[in-house]
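Q: Residue numbers (mature numbering (1 follows the signal peptide of the UniProt record, and there is no 0)): -18 to -1, 1 to 105.
There's no promise every hint is true.
Cβ-Cβ distance ranges computed for the label pairs, FRET-style [to be verified]: (1) D29 / P91: 24 to 30 Å; (2) Y54 / G93: 35 to 41 Å; (3) Y54 / S94: 32 to 38 Å; (4) G53 / N21: 28 to 34 Å; (5) K38 / G87: 20 to 26 Å.
Please keep in mind that the hints were generated in silico from the structure rather than gathered at the bench.
Everything numeric in this text was worked out from a predicted model, so none of it was measured.
Quick reminder that beta carbons are idealized off the backbone N, C-alpha and C, glycines included.
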Amino acid sequence: MIFFPTLLPLFFFRKCSGHCSCLLIKKKQQDVLGFLEANKIGFEEKDIAANEENRKWMRENVPENRRPATGYPLPPQIFNESQYRGDYDAFFEARENNAVYAFLGLKAPPGSKEAEAQAKKQV
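Can you build the whole structure from these sequences, using the hints too?
A: Encoded structure:
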């Protein structure tokens, strides 16, 4: 996932075997990366397929109440520094509600839809 203020850790698979579930994970990863890049949000990708330490860190730092009933949490998993922010579904919901910066634990840029919505709530 991603570290901020400089980088948010983003956990992902670098290689995909081509089966359906792997392709879906890859699509979700690309969606998150595309948003971060388009909005110039710094992040650090952490490959869990090629790095056992990254895989172990991700699995240990996803909160118990956010883990699947069976198996391990799948990427993408998003963190701000070491604080867990959520998985792809939480990211997608935040994006649909114009609340991605809040989801990431970041201040929305001035003039953004999210910043305007936050300003209206404070009035």
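Q: All the hints need checking, so say for each whether the structure fits it.
A: Right, here's what the structure says about each hint:
1. Between D29 and P91 the Cβ separation comes to about 29 Å, which falls inside the hinted range of 24 to 30 Å.
2. About 40 Å separates the C-beta atoms of Y54 and G93, a value consistent with the hinted range of 35 to 41 Å.
3. Taken as a hint, the range 32 to 38 Å holds for the pair Y54 and S94, whose Cβ atoms sit roughly 34 Å apart.
4. The beta-carbon spacing between G53 and N21, approximately 32 Å, falls within the hinted interval of 28 to 34 Å.
5. In this structure the hint that K38 and G87 lie 20 to 26 Å apart at CB holds, the actual value being about 23 Å.
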